[in-house]
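Participant: Sequence:
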Amino acid sequence: MKKHTWIKGTLALAISALTHPAFANGLTINEQSASGMGTGFAGRSSSAEDASTLFGNPAGMSKLDRAEVSGGLAVISAETDISNASGTFPGSNDGDMVPVAAVPFGYYVTPLNEDWHFGVGVYAPFGVISDYEDSFQGRYHGVYSKVQVVTLQPTLSYQVNDRVAIGFGPTINKIDGKLTSAVPNALAPGVGPDTDVSIKGDDVGYGFNAGVLVDITDALAWGLTYHSKVDYKLEGSTRVSNAPVIPVPGIPDLNGSYDASLDFTSPESVDTSLTYQLDDFWTLYAGATWTRWSQLQEIVVENSGVPALYAGQLGTVTEELKWKDIWSFAVGAAYQVNPSWVLRAGFTVDPSPTDDNDRTARIPVSDRKIFSLGAGWDINQDVTLDMAYSYLYESKGEVNYDDAPTYNAEYQNSAHGLSAQLTYRF
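FYI, in mature numbering (1 follows the signal peptide of the UniProt record, and there is no 0) the residues of the sequence shown are -24 to -1, 1 to 402.
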């Protein structure tokens, strides 16, 4: 079982909270396209429905005949059931810790000539907000978490020949977040008022997305997309408040603000898929995504300005995650009802990068299954409205903190997602 103290749980800065309630496992958000969400993102790298292909596969921009603007919003409502909870100190386990969250996205793509396309997109690849009740039994391992990553991606695509297109775009990624945790009262643990610890940090990191799209036949397309890792050095502060002042000479007051920094690398991923147009009505999709979560083996936080007495605990803090690489898989289909309407459906299997030994209260995710439905409506030849709904169901997973203050519980997560996207061509 993992070793975990209150300081480690508190100082894991924004990164260890980047998951719930997104519709992809680990730290990832999938909600960058309503048209893709309808098929469970099964054909994300092999189909180019609209300008959101800039994220799914930048090479797909070569499929767009006209300039277009596409944007939308996904709304996610998650539920968590906490059961069989126990720990050193009493507390509540309501499980209602995920507010309704909104994930916006927007894209612009235009042809430059017969071979070249240019586009720019703004989207969120990672993000979360969670808020346990103040009396939460596991509050010493996390209370409030809010993190967002916003990406700006200018992109070019090139039509190599009639069958092959390639695309590339650098990414500019802004990460910022806030975490709070409770700490047992040093004079009266579990009885006196908790000490509050709040952490804020932000940074800008740079990466790239690249893709290739191949029309194997007139009916079958294959795509491959690579999303690079991004290196961050988050700079911020760790603030301690409401800590009891110990009336002993030589024991300094811990209350105050300390400079904090954290090196973090978001993992690279590879997405590949096939799109097959069976006939004039049916289109089939199948895809797989590999994510290198094994990069997240531990988190190391450096704090400066800490009183010498506490430097051993607060100076350098390491928290183990021990995540592993995962493959997720999706299948989907679209049915063209008539020239104006298309219906979509998809199913996704998304394993968790963690397990019962290393799962944390901030990241209580388990293996996921996602069911998706969607529809596209061509209002006229210039305007399309896409809508999608997804239901996420997770297997039950355990959280086990064996070092005092202990906390052990079973988590069962589920979520509903609704997305809408409007595309205008000109």
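By construction, these hints were calculated from the structure, which means they are not laboratory data.
Fair warning: there could be bad hints in the mix.
[To be verified] With a straight-line Cα cutoff of 30 Å, these simulated BS3-like cross-link-like pairs (lysine-lysine) come out:
#1 Lys150 - Lys122
#2 Lys345 - Lys209
#3 Lys209 - Lys176
#4 Lys122 - Lys39
#5 Lys209 - Lys150
#6 Lys150 - Lys205
#7 Lys122 - Lys176
#8 Lys39 - Lys298
#9 Lys39 - Lys176
#10 Lys154 - Lys122
#11 Lys345 - Lys372
#12 Lys300 - Lys39
#13 Lys372 - Lys300
#14 Lys39 - Lys209
#15 Lys298 - Lys150
#16 Lys39 - Lys372
#17 Lys122 - Lys205
#18 Lys176 - Lys205
#19 Lys209 - Lys154
#20 Lys122 - Lys300
#21 Lys176 - Lys150
#22 Lys154 - Lys176
#23 Lys205 - Lys300
#24 Lys300 - Lys154
#25 Lys154 - Lys205
#26 Lys154 - Lys39
#27 Lys298 - Lys345
#28 Lys345 - Lys300
#29 Lys372 - Lys209
#30 Lys122 - Lys298
Participant: Which numbered hints does this structure break?
Facilitator: The structure breaks hints 2, 4, 8, 9, 12, 14, 16, 26 and 29; every other hint is satisfied.
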